Structures are given as structure tokens and as C-alpha cells.
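Trainee: As a plain string of letters, each chain reads:
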Amino acid sequence: MAKTQNIYELDEVLSPEAKDSLKHLELYARRKVDGILHGIHASRRIGVSTDFDHHKEYQAGDPLKHMDWKVSARQERYYVKRFIEDSSLTVRLVVDRSASMLQSTDGPSKYLQACRMAACLGYLILKEKDSAGLVLAAEDETLWLPAKSSSTHLVTILQNLVAKDAAAPDGLQPCLKAILDRAERKGLIVVISDLMFDPDPVQRELARLQAYGHEVLILQLRDETEEEFPFNRWIEFGDLENAATRHRLDAIPLKKIYREEYQALIGDWKTWSKKYNAHFVSALTSEHIETALSEYLVWRHRGHQE
Amino acid sequence: MFINPIYLYALPLGLIPIIIYYLMRYRSLKVVWGANYVLERALERLKKQLYLDQIILLALRTLVCLGLVLLFARPVARQHESVVSSTGIHRVIILDGSYSMRAGETGNTRWDRSTEAMHEVVKTWGRGEKWSFLLIGKEPEWIVDSAIVETPETSLELIRSIETSESRASLAKSLEAAAAKFANESVELYLFVDDQASTWDGAGENALPSAWNPSIYWMLPPLGNRDNIAITSVRFASERVLMDHPCRLFVSARNFGPKPVKDAEIQIHMDGAFSGRETISLLPGQEGAIHIDLNFDEPGPHHVTARLKTDVLIFDNALSAGIQVDNVMRVGVLRSAQKQNKFDSSWDFLQIAGRIEKMEDEYDGPLFSMGQIQFILIEGMLTPENLGQVDTVVVDGGSSLTPADAIQLRDFVRQGGGLVLAPDETVNISEWNELLGKVKLLPARLRKPVVEKLGGTRFKTVSRSSFSEPSFRSFETEEDGDVSQAKFYSWIEFDEPEGGATVLMEFADLQPFLLRQSQNLGRVLLLAAGLNGRGNSLIVREFFFPFLFRLFAEAASGGIYPRTLKPNEAIGLRLKDKTPRGISLTIEGRDPKPVTPQKVGSEMHVISAQGSPATGLASFLLLNPDGSNRVYYGIQGPRVDSDLAPLPADEEQTLTEKLKLAKVATWQELDNLLKAQRSGHEWHHWMAIAVLACLVGAGLMEWRFV
Chain A
1 MAKTQNIYEL DEVLSPEAKD SLKHLELYAR RKVDGILHGI HASRRIGVST DFDHHKEYQA
61 GDPLKHMDWK VSARQERYYV KRFIEDSSLT VRLVVDRSAS MLQSTDGPSK YLQACRMAAC
121 LGYLILKEKD SAGLVLAAED ETLWLPAKSS STHLVTILQN LVAKDAAAPD GLQPCLKAIL
181 DRAERKGLIV VISDLMFDPD PVQRELARLQ AYGHEVLILQ LRDETEEEFP FNRWIEFGDL
241 ENAATRHRLD AIPLKKIYRE EYQALIGDWK TWSKKYNAHF VSALTSEHIE TALSEYLVWR
301 HRGHQE
Chain B
1001 MFINPIYLYA LPLGLIPIII YYLMRYRSLK VVWGANYVLE RALERLKKQL YLDQIILLAL
1061 RTLVCLGLVL LFARPVARQH ESVVSSTGIH RVIILDGSYS MRAGETGNTR WDRSTEAMHE
1121 VVKTWGRGEK WSFLLIGKEP EWIVDSAIVE TPETSLELIR SIETSESRAS LAKSLEAAAA
1181 KFANESVELY LFVDDQASTW DGAGENALPS AWNPSIYWML PPLGNRDNIA ITSVRFASER
1241 VLMDHPCRLF VSARNFGPKP VKDAEIQIHM DGAFSGRETI SLLPGQEGAI HIDLNFDEPG
1301 PHHVTARLKT DVLIFDNALS AGIQVDNVMR VGVLRSAQKQ NKFDSSWDFL QIAGRIEKME
1361 DEYDGPLFSM GQIQFILIEG MLTPENLGQV DTVVVDGGSS LTPADAIQLR DFVRQGGGLV
1421 LAPDETVNIS EWNELLGKVK LLPARLRKPV VEKLGGTRFK TVSRSSFSEP SFRSFETEED
1481 GDVSQAKFYS WIEFDEPEGG ATVLMEFADL QPFLLRQSQN LGRVLLLAAG LNGRGNSLIV
1541 REFFFPFLFR LFAEAASGGI YPRTLKPNEA IGLRLKDKTP RGISLTIEGR DPKPVTPQKV
1601 GSEMHVISAQ GSPATGLASF LLLNPDGSNR VYYGIQGPRV DSDLAPLPAD EEQTLTEKLK
1661 LAKVATWQEL DNLLKAQRSG HEWHHWMAIA VLACLVGAGL MEWRFV
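From first to last, the protein sequence lines are chains A and B.
When you line the first sequence up against our numbering, it's residues 1 to 306, in that order.
When you line the second sequence up against our numbering, it's residues 1001 to 1706, in that order.
If you're looking for bench data, these hints aren't it; they were derived computationally from the structure.
Any given hint might turn out to be false.
As the list claims (entries may be wrong) - Below, computed lysine to any residue pairings styled on SDA-like, alpha-carbon distance capped at 25 angstroms: (1) B:K1030 to A:T245; (2) B:K1048 to A:E260; (3) A:K255 to B:L1046; (4) A:K256 to B:T1656; (5) A:K255 to B:D1495.
Unchecked claim - Far from chain B, by Cβ distances over 10 angstroms, these chain A residues were calculated: (6) H55; (7) E57; (8) K70; (9) L143; (10) D181; (11) F197; (12) R233; (13) R248; (14) A292; (15) S294.
Claimed, not checked - A few chain A residues that don't get close to chain B, going by computed Cβ distances all over 10 angstroms: (16) V155; (17) G171; (18) A207; (19) Y262.
Note that this is a predicted model, so its numbers are computed, not measured.
Just so you know, even glycine gets a beta-carbon here, dropped at the ideal spot from N, CA and C.
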């Protein structure tokens, strides 16, 4: 079997420096995710027994009924039992692989940053022994990677992320519909995209997913040039997703309107997220992924505590 | 209309924004774009408006460019001629009519350019405008006085036929005249005058009324060359000469220019045909003369023109003179049969004359030809009949005159006859003083005779430098007839010359030798010596005969009306033969006018009392049954306006400031200046506001996009 050329190196997507920086997040993530998710799952699955998974040191707030007194007596420390269904979280990383993700401004493209985000999240999730699955959404070219919890699954995720570059037209809406149609286990749907498409169909699917019980996290990647529209002359715009689509126009009179529309689109997503209790995080491609994620995770923890 | 229409050539610059638009559009930057969804949303919102905004912005930018061009071109709204004008301004044209305005190239003289510009100015005035026209020459003349414009054509008709005059112009007088006439009116003065210092003399000295502040526009076409030489006089030694006898022509010329002139050529034309040339060199301001001897080989009226080669002012480059050429001159000598002894002197004279006749064949040259001079002895009483047979009468000292003789001689002279008085030591002084003085035939009263020993050391000679008249100027050189070589051992002393008498020649001690006095048509020549051969050798040596012939011719010249005149001097002609069928007077440049002869005494004369108003060649045309002939008259005016020296620059500056002159060189400059100064008609400030508005509009539109 012939080896295909990867578009990125694995280290480029999940660099040792990123891992290092994520290490600090691990504690947070594990504790907070555990705390938060556990709390969520606990409120939903009260009275259901599950298979034993592992022990963990007792922390304030852990239910005493799960205390393993034998191990605690032997170890002279207190340990609680963790069951599989109590702690496992199925996270589906839905990465937008449409051609618009190729946009870049003197740095990494939106797709590379999306891959890094997905890699970071996958790393965090699998470190916590949760399940992570990957969906690379593109029209007619969607890649499905089932959710697994083994640590080696991360490699598979990374390999699939780096295998091909963004290329196809947008296919997020049918992908989300397919997730719902598959009636997969409830979990966290993380959509990593630039959101450069008509929001209504996607929002409808996400709303349905939420109604089904999934949690939705939308991570938007913004390109600086796309946001600023720094043009003061005649420009011929070529659509990355459709080579036949070209617009030749004077950018000066368009600038203000474009920026308004751009902010309106983001505002639209924020409004929808607030309405449907989803999570919306927006970051520029020039920002550090770890910073964007850590801010979200801290915010998530605070939100759970309140 | 535009004040600076040359800027209109920059109108295509208005296309620059459009060119830039299409250049930018088709050289647009290609960008691959991921946020096409947002772009399309923005486009959908802006599409129609974007197109309209582009058009408006492009139009504004184009209008700014066009507006700037028009701003520099300075548009002016001018009134159409048929619109009734309500400016209330009285427009006064002052045109210099002196002949210096004729300076310049043919067809492009200052006069041509000034009158052309003047016509253009008049065309710009609207119906109802009030205007006046002052032509300045010898005196200012109001050609148009406070007329109301109906149409430009009717206004131009009033001034179309004006011409220059042979005079100097005085702007000072004109300004005073205009100020006196229009002191209480709002006036625009248009000066079409040259920059001659003499024209502007006094213009700034006399104060104009303080309340009178006319706008004064001075159009002065430039003149490259101011070097001007003029012919100032053309005179024959005598206006009546004998056929084949050389006649000296004296031509004077003056250099009015600032630079010396070397070898300026003067051409001589006899009866219109080239006959010779001379050159003359003159320093600045110098007047000099040349002479040339002419021979007329046919009798009758002739004319001669002296002409300089063309210079900046053609007007003063030529003068003409008329001359009468006779084929015979009749000299009458008085002799009384009863008074033989007393007529010895004339007898001796006649003897010498007869001797010379016999010697005629031995000599070359017409000077010694006696065939054209007939000596006629007049014996007995003087009557009109016997006097009518001669042109000149010689009365020598021995002649005894009666009162009746004196009266006859007076009438003879008045009718054009010549009288030569040659008193010798035998003259009856009291008789002559009494008789001839009473009838005013004595240019000077006789005082006493002086007789010295013949051949002794005491004698008088005639001064060579005393020849004031061209008539005798040919004897300045050592030619035949040089009377300065004659010795006078007896002579007559005179009292002071009578009024009207001219001393033609003097003795070396400045006492008069030859005097002349005109009496009506004739003239009297009084010699201070006799022609008897005893006290001097004038009739003894053939060498002096040319002098004698000139003497007789000079006296006989009184028999014709002068052929060289000043302007406005009466032009006259004696009709000796039958009265012609028709007579007309033609003055150069004008149509012939018929004249009617009038009886003067016993003769018919043709007289034009007004003469010719200008320099040139005038002539009477006589229509006889057997043909026609002309009698020419050279009219020679003074060269009062030939000095083209301009105003000194500092004086011009002072005058400009004092009179607030606006000076221009061409009609176009004047037109632009008038347009610029007529307030209320210029759109200049509106154009500036329009350009500013377009700039602000374009700026606001662009700001709206950002």
C-alpha cells in the first residue's frame, strides 16, 4: 500500500510545545471537565449502575457512596470508584474542511489552526480517557472516524487531520444531519469552522442535535484579512470554494458594508448560541490555540460553578 | 467667452478620472477569498447603490477636473450687441491722427492696427451705449459727440473714412477737451495714440478735474525700428529755367533717428522716370543736403520727386517740386533814343551780349548758349505792349525813368514780370528812390554810390558763404559763374532793406549785393553794381555770364506762380494762351475737381485759394483743343511729426501712475482686459465655488464608503 504524502507533519499539528502548554490545561481540563461533565452526566443518569473503570483519589464533592473503603483502608488514603458511564464523554470533533478554510494571512491557514484545535482537544479528551471521534466535513468527501478512548486513537486522529488539505465545497450541514441520523451516543459536538456559509441550515441541525441531548461547542476561526477587508482599490475576488465565482469591484465603497456584514454574521452566531445555550468561541488565526482553549475551559468551569 | 481661452486646450484632462477608473478596473488585484459568503451578502445589499455611487463619484471627479480647467480659462458672459446697455458709462475714443501713426510695415502700421482694434472695440458696445470719438491732429476734432449706439455698423460708418493728417498730435489738449466735455460723467477712455514724446508732451502736467476718474486704456502696437530719415525739402535753384540749361536741384534730408545713417540713397525721378541717385550720410538729428544738376530737354511743365528708400515711416520719404521749362527767355533792356549818353551802359551790355552770340559756336555746354535768351531793346515810353514782349526788364543805372515808366514797370512786375535793377555810379539816386520807391519797386533805398580807382587796391568782392537762396547756391563752388571772383571797384550802398525784401547775396563785408522783393506775381532784383562793364567785369568776362543768366531767370521766375508750395498755400496758374476747354485741379490721393479761371488784370488766371492740405504732387489738367497737359506743383509740408523718439521710460511710468493707464499692445490684450474689468459678467468665482462643491461632494462620498 502506497504511503500518501501528508500535508502537514504531525508535530506541526500537535507540537511538543503545544503538548507542553496543554499539560497545564490537563489538570484544569480533567478536573473541570470531570467536574462539569460529571455533574451533567450525574444529573441525567441518576440510579443507573455501570461498570467499574478505575479509582481516583477522593476530592471534595465526590459522592461518598462511591467510596471504595477497602482500597482506602489499605492505602491509608481515600479513593472513589469511577465507573465507565459516569466519566466517559463522547466528543465528536467536527472539523470544517471546506476550501474557505484555506484562507491565511501571513501565518497558518484557518484549516491548520482548526487541525491544531482538534488535535489539542483530542489530546485533552483522550488523556481523560474520554472518547473522541473525528469528522472532517466536506461536500461528498466527509471522513468519519469513530469515537474511541484509547490513547493510540490520538495518532489516528492526527494522521487523518494531516492527510489532506481543505479543498472541497462546504458540507457541514449534511454532516451534522448525518450525526443526528446515526443516533450516536450523546456527547459533545465540537464544530471547528470559519462559519463562512449560510448559518440557517447549520443552526437548524445544531439545534436538533441540542434537542437530542448533545452539547454543542462552536469554535470559529477568523482570518484577519477576511475580517478587516483592508483593500482600497479594485479587486478581483476569486472564491476558494468555487473557482468559477469571481467578483471584480471597487473595494472602497464596499468596505464598510462588508465589515458590517461580517460582524453581523458573528453576531448572528452569538445570538443563536445564547438562545440555544450552546457555546461559541471565536479566535483569530493569529492567536495561540492554547490561549483560546484555556480561556474557554476556564469560562466553562466558572459557568458550571455558578 | 473666456479670458484665457488657451486653457481650454486642457479640457481633455477631464477624461483623466474616467481613464484612471478603467485603468484601475481592468488592472485590478486578484485575490483568492474564503469569506465569499460575507462578500456576497455585502454585494447584495450594495449592488444598485454601488453602481450609482460609482457613477456619481466618477462624475464628480470629472467635473472637478473640468471645473479647474474652466476656472483657469475664466469664463465671461458678454452682452450681445442688440441688448440694451444700462452701464451708464460714456465711452470715448481718442485716436492719434498725426502721420507718425503711419510708422510700421505696409498694411501693418500702427494706424492700421489701431483702427482695426478701434473697430473691434466699437463692435462690443451694446445698443443704447453713449460714445464719442476725438481725432487728434493739429487740433482735437470731435468726429462723434455723445452719440447713442444703434448698431455697431452705424457707429463704424461715422468713423470709417478718417485719415491721418500732416500734423503733430497733442494728447494733453485732447485730455483737457475730454475732461471739459465729460467732467460729470462716468467715462471709459480708449487711447489709440503712439508713444512719441512730442505727442505726450504736457499730458501729465495739466491737472485733470479731481472728480473725474475715467478708466483709461492705452493701446500701443509695438514698433521695432524707430530709425527714420525724411526728405525735408526739394528745391530747384530756380522754378523757371531754360531748356537744356542745367538746373540744380537741392534735396534736404534729416535723420530723425537715434543712430547715424551712412550712405542713405536718395533717388531722383523726373516726370516719374528714374533719373539719378545720390547718397547722404547723417548723424542723429542732423539735416543735410545733396544737389544734382538736371537738364530738361523739352519745354513745358515738369516735376521732380526725390525719394528715400523705405524706412519705418514711408510717409515722409518723398517730396516733389514742380518747374517750368521755357525754350526762350526774353530780356528787355531799356534804351531811350534821345538819351544816348545815359544809356551807354546798356549799350555796352548789349554789345557784349552780341559778341557772345557770335561766340556761341565756339563753346560747349548750354551755359553759353545764347540762343535761348533774346535781348530786346525797349525804346521810348514803356507800354503794356512793349513790356508784354519780354519776361524780364533790365534797368541799368543810366536809365532815366519817368513816373509813367515807374507805373508801367510796377504793373509789369505785378503781373508776373521780372525786373532787374542794376544802378551804377551814374544813377540818379533821388530819382530812383522817388519814382521806384513810390511804386514799391525798390527792395532797398539807394544811399550813395562809391567809386574806387579801377584796378586799384580798394575793391569789393562777393562773399561765397552768403548764398542763402538755392537760386544762387550753385555758385558756391568754383564753377562757371563763380561771382566771388569778380572785383567791384564801384558799387551802391543801400539803406535798410524794405519789409519783404530778401538779401540774396552779400559782399564780403556783409553789405547787401543782391536783393529781391516780390510784388504780386513778379519780383524785383536789385544789384549793388551796374552791368556796364566799367566798375566790374560781370559783363566783360564770359565766365560770369552764367550768373547773369541766372539773374535774369530768377527775375523771370516771378512770371509764373510758384511751383513749390506749402500745404494750404494757394495754387495758381497764368493762362497765357487761349483759355482751355476745361481745367481741373488734382491733389494727390483725391479726386480731381474742376476749377474756373478768373480774370486778373488783363490775363486769365486759375487759382485754387485753398491749395492742397497735404504734402504731395498737385496738378492742373488743362484740356486744350489740340491736347491736354498738366502743370505740376510740389506741395511740401513741414516734417513736424517725423521724430519717432519715444517717451522716456521714467516719464511713461510717471504718466501711467498719474493717469492710471492700462497699457496693452494688441486688440486681443485689450479685449481680455476689458472682459476682466467688467464686473458682474465673469463666472470665475462661480466656477471656483462649483469646483469646491464637487471636491467636497467627492470627499463626502468617499468618506461614506470608509
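Trainee: Confirm or reject each hint.
Mentor: We went through each hint and held it up to the structure:
Between K1030 (chain B) and T245 (chain A) the CA atoms are separated by roughly 13 angstroms; this keeps the pair inside 25 angstroms, and the hint holds. Between K1048 (chain B) and E260 (chain A), the direct Cα distance comes to roughly 18 angstroms. Compliance with the 25 angstroms bound is thereby established for this hinted pair. For the proposed pair K255 (chain A) and L1046 (chain B), the alpha carbon gap of about 11 angstroms is at most 25 angstroms, so the pair holds. Distance restraint check for K256 (chain A) and T1656 (chain B): the Cα-Cα separation of roughly 63 angstroms exceeds the 25 angstroms cut-off, and the hinted pair is therefore not satisfied.
Of the pairs offered as hints, the one joining K255 (chain A) and D1495 (chain B) is violated, with about 120 angstroms between alpha carbons and a cut-off of 25 angstroms exceeded. At roughly 49 angstroms, the least C-beta separation between H55 (chain A) and chain B is larger than 10 angstroms, which holds for a residue marked as non-interface. Consistency note on E57 (chain A): stated as away from chain B, and its beta-carbon is indeed over 10 angstroms from all of that chain's, at 48 angstroms minimum. Every beta carbon of chain B lies more than 10 angstroms from that of K70 (chain A), the smallest distance being close to 59 angstroms; the non-interface claim holds.
Chain B leaves L143 (chain A) outside its interface by the beta-carbon criterion, the shortest separation being 21 angstroms against a cut-off of 10 angstroms. Separation of D181 (chain A) from chain B is adequate, the least Cβ-Cβ distance of about 26 angstroms exceeding the 10 angstroms criterion. The claim that F197 (chain A) is not at the interface with chain B is violated, since a C-beta of that chain comes within 10 angstroms of its own (minimum 6 angstroms). A Cβ of chain B approaches the Cβ of R233 (chain A) within 10 angstroms, the least distance being about 6 angstroms, so the stated non-interface status is violated.
With a closest Cβ-Cβ approach of about 6 angstroms to chain B, R248 (chain A) is found to fall inside the 10 angstroms limit, against its non-interface label. Residue placement check: A292 (chain A) keeps its beta carbon more than 10 angstroms from all beta carbons of chain B (closest about 19 angstroms). Consistency note on S294 (chain A): stated as away from chain B, and its beta-carbon is indeed over 10 angstroms from all of that chain's, at 27 angstroms minimum. Every C-beta of chain B lies more than 10 angstroms from that of V155 (chain A), the closest at about 29 angstroms, which supports listing it as non-interface.
The Cβ of G171 (chain A) sits about 14 angstroms from the closest Cβ of chain B, beyond the 10 angstroms cut-off, so the non-interface label holds. No beta-carbon of chain B comes within 10 angstroms of the beta-carbon of A207 (chain A); the shortest separation is about 20 angstroms. For Y262 (chain A), the condition that its CB be more than 10 angstroms from all CB atoms of chain B is violated, with the nearest at approximately 5 angstroms.
Going through the hint list in order, the structure does not satisfy hints 4, 5, 11, 12, 13, 19.
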